[in-house]
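When you number the sequence shown by our numbering, it's gap-free, plus one each residue, and the end is 975.
Heads up, a few of these hints could be off.
[What the hints assert, rightly or not] Restraint ranges, calculated between C-beta atoms of paired labels, are given here:
#1 Ala795 / Pro861: 29 to 39 Å
#2 Asp742 / Thr972: 50 to 60 Å
#3 Gly530 / Leu670: 24 to 34 Å
Read the hints as simulated data drawn from the structure, not as lab findings. Predicted, not measured: the structure shown is a model, and the values here were computed from it. C-beta atoms are modelled at their ideal positions from N, C-alpha and C, and glycine is treated no differently.
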Amino acid sequence: MKLRHLMMTIALVAVAAVVAACGSSSSTSSTADSGGGATTAAAGGDYLNGGFSAAVTPTKGGTLKMAMNDNIDCWNGLSYYGISWSVFYFMARGLYGYPDTVVAPATNEMQPDLAADMPTVSADGLTYTVKLRSGLTFPDGSPVTAKDVKATYEYILDPNIQCATGGPPASGYYSGIVGESDYSDVMTSSKGKKNPGISGIKAVDELTTEFTLVKADGSFPRALAMAWGFIIPASTPHKKTETPPPYVGPYKISDYQLDKSVTIVREPTWAANVAAGVPELENQNNIDGIEAGIGVPDETQFAQLKNNELDMTFDGSAPTGSEIPATANDPQYKDRFYSTPDAAVDYAVFRTDMAPFDNVMLRQAVNYAIDREAIVKIIGGALSRSPWSQVLSENLLAGQSPDVYAMDVAKATQLVKDSGVATPINITVANFADNPAPQVSASIKETLEAIGFKVTVKALSADVYYGFLADPESEYNIGIAGWGQDYADAITFYGPLLLCGQGSNYGQFCDEGFDAKVAEINALPAGADRDGQFAQLSTDTAANLAPWATLDLRRKVSFISNRLGNYVWGPSKQYYFGSYFLTDGK
390 MKLRHLMMTI ALVAVAAVVA ACGSSSSTSS TADSGGGATT AAAGGDYLNG
440 GFSAAVTPTK GGTLKMAMND NIDCWNGLSY YGISWSVFYF MARGLYGYPD
490 TVVAPATNEM QPDLAADMPT VSADGLTYTV KLRSGLTFPD GSPVTAKDVK
540 ATYEYILDPN IQCATGGPPA SGYYSGIVGE SDYSDVMTSS KGKKNPGISG
590 IKAVDELTTE FTLVKADGSF PRALAMAWGF IIPASTPHKK TETPPPYVGP
640 YKISDYQLDK SVTIVREPTW AANVAAGVPE LENQNNIDGI EAGIGVPDET
690 QFAQLKNNEL DMTFDGSAPT GSEIPATAND PQYKDRFYST PDAAVDYAVF
740 RTDMAPFDNV MLRQAVNYAI DREAIVKIIG GALSRSPWSQ VLSENLLAGQ
790 SPDVYAMDVA KATQLVKDSG VATPINITVA NFADNPAPQV SASIKETLEA
840 IGFKVTVKAL SADVYYGFLA DPESEYNIGI AGWGQDYADA ITFYGPLLLC
890 GQGSNYGQFC DEGFDAKVAE INALPAGADR DGQFAQLSTD TAANLAPWAT
940 LDLRRKVSFI SNRLGNYVWG PSKQYYFGSY FLTDGK
């Protein structure tokens, strides 16, 4: 997910949809299975090593105080930012979801939410049938039906209503549905005036929906559990909105002030859906809501966190850089600081559709030249990142070596020479404007200019950044991006980021052989064979195709107030708002 996906970058620590994808923000392997990899300070926490305190009986009530620096692209549920995924997993319910736990394997086990049971699958693996629980209602009292399910997926796949350019970020997970491609083409060409629907999604009766695929996809059930898949009324107009349409869920956005604040409160009709069978544990959904300030500078957030005026940051804005080890090793914060393994990477994506990075030797040269150790130090050291050069995150590697590219300036220089491209090679590197992104850009500029490139850095604000990367008309050669799993399966990296024509394939990478291999493996059911083949593909792709240069493997740094209880963080949902409580109930 833009993390997951849910999805953040070096400056926005957090993809996936659920989902992420977003997602991070989850199938047969998990971060908890992987062992993490980086050390944690004594004052820090790490759920792999018992760093999160055991859950206690929560106090009900109170408003969680949060803040963020830059806004995300939208708050209507269609965003691919990890912040959006965490919020909508908390507020809204789709057909399926995940429990509020970071403990493996339960953290990655799908559960029926609005669906009555797990989907049934035809013998050929092409048709998934889902039945809704009976008695579900939207906030206005109208019943939730299979027509709403069909309309929901047509809504989130409408290319005309997205909050970022580049097409629906959801399309990579649903492009295998029969008729999705035709639907997208007609909606695009008619600018939404002709809506043919998606033929492969059928409302069989009031409660039953069928999804028919072009070819078998062992991960498709996970796509039905992504954060943007919350069910909305079929009558919802297809238009861009700042906040979401009505949906079934325990919370809602009551107020949104553009670039200033967002307020979340309880949905008063939620109890009726719990009575209809939608799961809610006794110790779940404890807080009354969230108040989040937008546009709050990093240093202000850090000061407010230290003084317990904020409960947590929304985007990982504080602490950053050298503040991370200082906070981790300060005894007064020993129960408030956490460094947690993430299923996410930061990477430098190459525009492979244009010179000079249509030349694979130059892409390999950059991979050898980048000083990943220096970048990790800039971002905050081992508590925040680990050097990384694989395509996939550690939890998905199935034992493959993480070190595809060791730093080798001589080899990088030779590859530039062998490429046949005259030096200096002028390129533009795009990155965020917020710290520590400028320092990371400076490090990349220095290392690349040492091997024959001439680098111009382009800095952009977070709310427009991913739209810029996704737009094929944007002028840049390398873009620094971040990605986390939308769920624990490698298809959540390969599908949206590297298959031809997908919305988050920022570098316009397209290799028919690669696409065919992904399709072959993706037809396999969940299990060790699928995981192992996808892991080998990661090594082969990084070494031979080099669609990007992975910079680091992330850890999630969290600094919280002294009144925030049952705090946990994990790749599946990222922030587990449904578990949190406020000790003072205020």
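For each hint, the structure was consulted:
1. Ala795 / Pro861: 29 to 39 Å: Holds, since Ala795 and Pro861 (Cβ atoms, about 33 Å apart) stay within the stated range.
2. Asp742 / Thr972: 50 to 60 Å: holds (53 Å)
3. Gly530 / Leu670: 24 to 34 Å: Holds, at about 26 Å.
Of the numbered hints listed earlier, not one is contradicted by the structure.
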